[in-house]
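2 protein chains.
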Amino acid sequence: MSNKRIGKYTVKFENRPSIISYASVVGPKEGEGPLRSYFDLIEKDDYLGEKSWEKAESKMLQNAISLSLQKAGLKDSDIDYLLAGDLLNQLMSSSFTAKQIHVPFIGLYGACSTMSESLSLAAMLIDGGFADKVIAATSSHFSSAERQYRFPLELGTQRPLSAQWTVTGAGATILSSNGEGPYVTYCTIGKVVDLGIKDANNMGAAMAPAAADTIKQHFDDTGFDVNHYDLIISGDLASIGMGLTMDILKKQGLDISKKYTDCGYEIYNSEYQDTHAGGSGCGCSASVLNGFILKEMEKKKLNHVLFIATGALLSTTSSQQGESIPGIAHAVSIENSFNK
Amino acid sequence: MSNKRIGKYTVKFENRPSIISYASVVGPKEGEGPLRSYFDLIEKDDYLGEKSWEKAESKMLQNAISLSLQKAGLKDSDIDYLLAGDLLNQLMSSSFTAKQIHVPFIGLYGACSTMSESLSLAAMLIDGGFADKVIAATSSHFSSAERQYRFPLELGTQRPLSAQWTVTGAGATILSSNGEGPYVTYCTIGKVVDLGIKDANNMGAAMAPAAADTIKQHFDDTGFDVNHYDLIISGDLASIGMGLTMDILKKQGLDISKKYTDCGYEIYNSEYQDTHAGGSGCGCSASVLNGFILKEMEKKKLNHVLFIATGALLSTTSSQQGESIPGIAHAVSIENSFNK
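Residue numbers (the numbering used here), protein chains in the order written: chain A, 650 to 989; chain B, 650 to 989.
Bound-form chain A, shown alone (with noise of 0.2 Å):
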C-alpha cells in the first residue's frame, strides 16, 4: 500500500490541489433552467454559429476552457496538462479542442463519468509533483449525442419517460499546486458495475449499481459519517437512478437521503422542460460543477461536497451486440478547508 492511499481504493490528498478558476458554458434550454443564475454564458444558438453540433460542441467546451482562463489570468502556455474527454466517437469534441489549446493533452473516456475522472487525475498530478497547474474539462451536446447514440433528431422518435436529456453545456475546472481553496482532498476511482440493464433509454439504472459501489467505498475507505459533508451530488443519475442508489445504499446500512442530490435531477424543471427523467451527459455534471457547486462553495453556502460523476459504457455496437450497459462513477471530495 502506497503512502497516499487510505482502505482499500481512496486517495488522500497531501500537497493541497486547488482549484484557482472554472468556467461553466450552456445551451439555451439549459439557461432557462433552475440553475440557470449559475452558469457563466448561456449560448443563445445551439449551432454556437458553427456549421454541425459536433463543431458547436467542441466550441462550447473552448469556450469554457478560454473562460476558466480569463477568470484566471491565465493564457494557455500556463498550463501543464489538459485533461478532457466526451461522449462523441473518438472524443471529436475534445481532440478538436486541443488542437486549439496549445498544452500537452491526455484524451480521457469514462463516458458521463468524465468530470470527476479528469478532476481525479488533475489532482494527482498536481499532488504527486508532475504539474503545477492542470485543466479537466468536459462537455456533451443534446443534438450530437442523441444522433449518435440514439436515433436521427428529424425522426421525431417518442421518448420514454425513463429516458434521461442529453445537457448542452461544458465545463472547464484548473487546478493549481498553489492556491486558497477548494481543495480537492480526496478521490475514489470506482470500478465497472454491471448487473445487466440492456435499455439505452434507462440510463440511470444502468449506472445507478456503479455510483453506490463508489460511494460505499469512499465512506468505508475515509471512516467518513455521511455528516461530514454538506452535499453529496451524484453526475447524472437522474430521477430513477437516484432513487435506485439510495435505496441500494440504504440496504448496506447506509443512509445519504438527507444530503443527497443529483446533478440531472437539478438541471431541468421537469415539470415545465418536458425532461423526463432529467440531464444526463458529461456537460450535465461538469456545468452543475462549474456553475452551481463552485459558485456556492466560493460563497461558503457549502463547505464539503462529494461529487461522482457517473458514466454508462455503451456504445451502439454493443448494443446492438446484445451487451448490458456497464456502469461506472468516480467520486471526488471537493473541501473549504484543508485537514492534513
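These are calculated hints, taken from the structure and not from any lab test.
Incorrect hints may appear among the rest.
If chains are identical, the list can't say which one is meant, so a pair holds when it fits in one copy or spans any two.
16 Å max Cα-Cα, derived EDC-like pairs, lysine to aspartate or glutamate [as the list claims (entries may be wrong)]: (1) LYS653 - ASP781; (2) LYS720 - GLU947; (3) LYS657 - ASP725; (4) LYS661 - ASP781; (5) LYS908 - ASP874; (6) LYS865 - GLU663; (7) LYS899 - ASP874; (8) LYS907 - ASP879; (9) LYS661 - ASP870; (10) LYS949 - ASP879; (11) LYS899 - ASP869.
We have chain A; now place chain B onto it with these hints.
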C-alpha cells in the same frame, strides 16, 4: 515549475516506477510476421471463439492482461488501477475488459498513442505515491477497426499504397513501485499537431508532425544526445510517416536516423504480407512494446529505449465534415538503469 519537471514538458521520475510484468497477444497474420517469436500468444482464429470482432478484440485484451498477471504471480485484487483504451467507439474493448477485471478503471483515449499515454500515467500514479501496482494496456483488431473507420470488409475495397494495416493485437504492462527494472525514467506528453492532412488512408503523414514535435521536445527538455538511447521507436507511423518524421527532425538539426525505427514498420514483412505502408492501431505499438522491446531489454540487448506511440485523432464524423486529422504522440523513456 513543479519539482519533477525538466525543461518545459518532460517529467523525470524519481521513485523508480518499474515494469514488473508484460504480455503480448496477436492475431494469426501478426503471428506470421518478422516479430512472431517475441509474442506470448498467437491466436489461431481472429474471432477468438467470440461472435463478433469487437468481442474478440476485448477477449484478446483480457488475455493479454491475464497473461501479464499470471507471469507476475498476481491477482486482480493486487492491482490498484487499470489504465486502458482502444480505438472502438466508447472504448468497447476496454470497457468490457474492465467489467471482467475488478479493478478501479481509468479509461483513456489517445487513438494509437494509448500505449504511451497509459504507461506515462501509470508511472505518474506510482511515482506520486497513489498506487503500488498499475496495469497499462491497449488493443486493436483489424476487422473491428476497418469496419468502424473505413469500409465494410465485405466490400473488398482496394486500399491505396499509403494505407496501413490495423494490427490485431493487444499488450499489457504491469508497473510497480517496487521492482528491478526496466524503469520508466522520463515521459513527454505531447500536444495536438495538425498540418492539414485529410486522407484517412495516409495516417502516417498525419501523425508524423506530432511525433517529430514530441521527440524534439523530449531531447530539448532532457538535453540528451541521440546516442543516449539504443533505440528510438515510434508507434505506428509505418514507412511513409517514419521517413517524414526523420526529415522534419533533420531540418530542425536533430538526426535520429541511426537509432530510429517504427513499430508499424517492423511488425509486418511488406514483401510477402501485402500490408502496404505497414502496421497501425493501438495494438501495434502495444504488442511490439510488450513483445519485442521488453524482451530485448530483459536480455539486455537493449538498455535505453525511447518509445513514442502516435495517434491520429480522427473520427468518421470529423472526416465526413471535412476536418483534417489531428495527430498526437507521447514519449516514454524505458531504461534498465535508474540514475537519480
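Tested hints:
1. Proximity of LYS653 to ASP781 under the C-alpha cut-off of 16 Å is restricted to the inter-copy arrangement: shortest distance 10 Å between copies versus 19 Å within a copy.
2. In the homo-oligomer, the alpha carbons of LYS720 and GLU947 lie at most 16 Å apart inside one protomer (14 Å), although the nearest pairing across protomers, at 50 Å, exceeds that limit.
3. Taking the shortest alpha-carbon separations for LYS657 and ASP725, only the inter-copy value of 13 Å comes in at or below 16 Å, while the best intra-copy value is 37 Å.
4. Taking the shortest Cα distances, LYS661 and ASP781 sit within 16 Å of each other only across copies (15 Å), while inside one copy they are farther apart (18 Å).
5. Taking the shortest alpha-carbon separations for LYS908 and ASP874, only the intra-copy value of 11 Å comes in at or below 16 Å, while the best inter-copy value is 58 Å.
6. Neither within a single protomer nor between protomers do LYS865 and GLU663 lie at most 16 Å apart by alpha-carbon distance, with minima of 23 Å and 34 Å respectively.
7. For the identical chains of this complex, LYS899 and ASP874 are intra-copy neighbours only, at 14 Å inside a copy versus 61 Å across copies, given an alpha-carbon limit of 16 Å.
8. For the homomeric pair LYS907 and ASP879, the shortest alpha-carbon distance inside one copy (9 Å) is at most 16 Å, but the shortest distance between copies (61 Å) is not.
9. Proximity of LYS661 and ASP870 under a CA criterion of 16 Å is satisfied intra-copy only: 10 Å inside one chain copy versus 31 Å between copies.
10. In this homomeric assembly, LYS949 and ASP879 come within 16 Å of each other (Cα to Cα) only inside a single copy, at 11 Å, whereas the closest approach across copies is 56 Å.
11. Proximity of LYS899 and ASP869 under a CA criterion of 16 Å is satisfied intra-copy only: 14 Å inside one chain copy versus 56 Å between copies.
This entry does not satisfy hint 6, going by the numbered hints stated previously; all others are met.
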